[in-house]
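Colleague: Construct the complete structure from the given sequences, taking the supplied hints into account.
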Amino acid sequence: NAGVTQTPKFRVLKTGQSMTLLCAQDMNHEYMYWYRQDPGMGLRLIHYSVGEGTTAKGEVPDGYNVSRLKKQNFLLGLESAAPSQTSVYFCASRTSGGALEQYFGPGTRLTVT
Amino acid sequence: AQSVTQLGSHVSVSEGALVLLRCNYSSSVPPYLFWYVQYPNQGLQLLLKYTTGATLVKGINGFEAEFKKSETSFHLTKPSAHMSDAAEYFCAVSDRGGRRALTFGSGTRLQVQP
Numbered sequence: 084n085a086g087v088t089q090t091p092k093f094r095v096l097k098t099g100q101s102m103t104l105l106c107a108q109d110m111n112h113e114y115m116y117w118y119r120q121d122p123g124m125g126l127r128l129i130h131y132s133v134g135e136g137t138t139a140k141g142e143v144p145d146g147y148n149v150s151r152l153k154k155q156n157f158l159l160g161l162e163s164a165a166p167s168q169t170s171v172y173f174c175a176s177r178t179s180g181g182a183l184e185q186y187f188g189p190g191t192r193l194t195v196t
Numbered sequence: 495a496q497s498v499t500q501l502g503s504h505v506s507v508s509e510g511a512l513v514l515l516r517c518n519y520s521s522s523v524p525p526y527l528f529w530y531v532q533y534p535n536q537g538l539q540l541l542l543k544y545t546t547g548a549t550l551v552k553g554i555n556g557f558e559a560e561f562k563k564s565e566t567s568f569h570l571t572k573p574s575a576h577m578s579d580a581a582e583y584f585c586a587v588s589d590r591g592g593r594r595a596l597t598f599g600s601g602t603r604l605q606v607q608p
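Protein chains in written order, with my numbering: chain C, 84 to 196; chain G, 495 to 608.
Hints may be right or wrong, so weigh each one.
Straight-line Cα separation of at most 35 Å, DSBU-like style, residue types lysine-lysine; simulated pairs [what the hints assert, rightly or not]: (1) Lys140(C) with Lys563(G); (2) Lys153(C) with Lys543(G); (3) Lys92(C) with Lys552(G); (4) Lys563(G) with Lys92(C); (5) Lys563(G) with Lys97(C).
Calculated directly from the structure, the hints in this document are not laboratory data.
Being a predicted model, the structure only gives us computed values, none of them experimental.
Modeller: Written as structure tokens, this is what we have:
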């Protein structure tokens, strides 16, 4: 049981390049989330999904897109990277039932130059 | 809208001393509250949570937190700090709507001096 995994762990992009971050969970969780972490700001919600085939915007969605084609995977895309998207990105998942806590992946550190 | 305020971005204590990390929240409905810990270059790990019932919540590694509705607080404490407690700590509140997402405080970095 690997929990929540994220690939890649590190990436450096040039301004204008695109990339996709992959999040996978093996806990059969319904809900999945993408957060970004910036110094002094905690984690902020980018997008989330409450089930396969559904996605919705969080607090800071601009410049990002997501897809949830399979229940276990949640992809975060950057179509045209900007330096302001330099951050650490965390994926999380949780069940739809009573257990309320979210389980986090190890993070992806992205630098946009 | 919910929000979380963590007072003190950095806290330094001596090994064996009391740890107190402060968290205040605002929420229009009874909240679900969490404390997460993040060790360097790692993801977040749940320390403890408050949902309903007993207001004093015990978590892992000897930490506990008390939900005080009148003060809208959920401060994290540990009687005796250990070097291994050095990490960043995040307080979070969960909304009760459909998305059940977390709103995080800005974090408190705990330093433990020998």
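Colleague: Confirm or reject each hint.
Modeller: Status of the hints after comparison with the structure:
no.: 1; hint: Lys140(C) with Lys563(G); in the structure: holds (30 Å)
no.: 2; hint: Lys153(C) with Lys543(G); in the structure: holds (30 Å)
no.: 3; hint: Lys92(C) with Lys552(G); in the structure: holds (33 Å)
no.: 4; hint: Lys563(G) with Lys92(C); in the structure: violated (40 Å)
no.: 5; hint: Lys563(G) with Lys97(C); in the structure: violated (48 Å)
Taken one by one, the earlier hints fail for this structure at numbers 4, 5, listed in ascending order.
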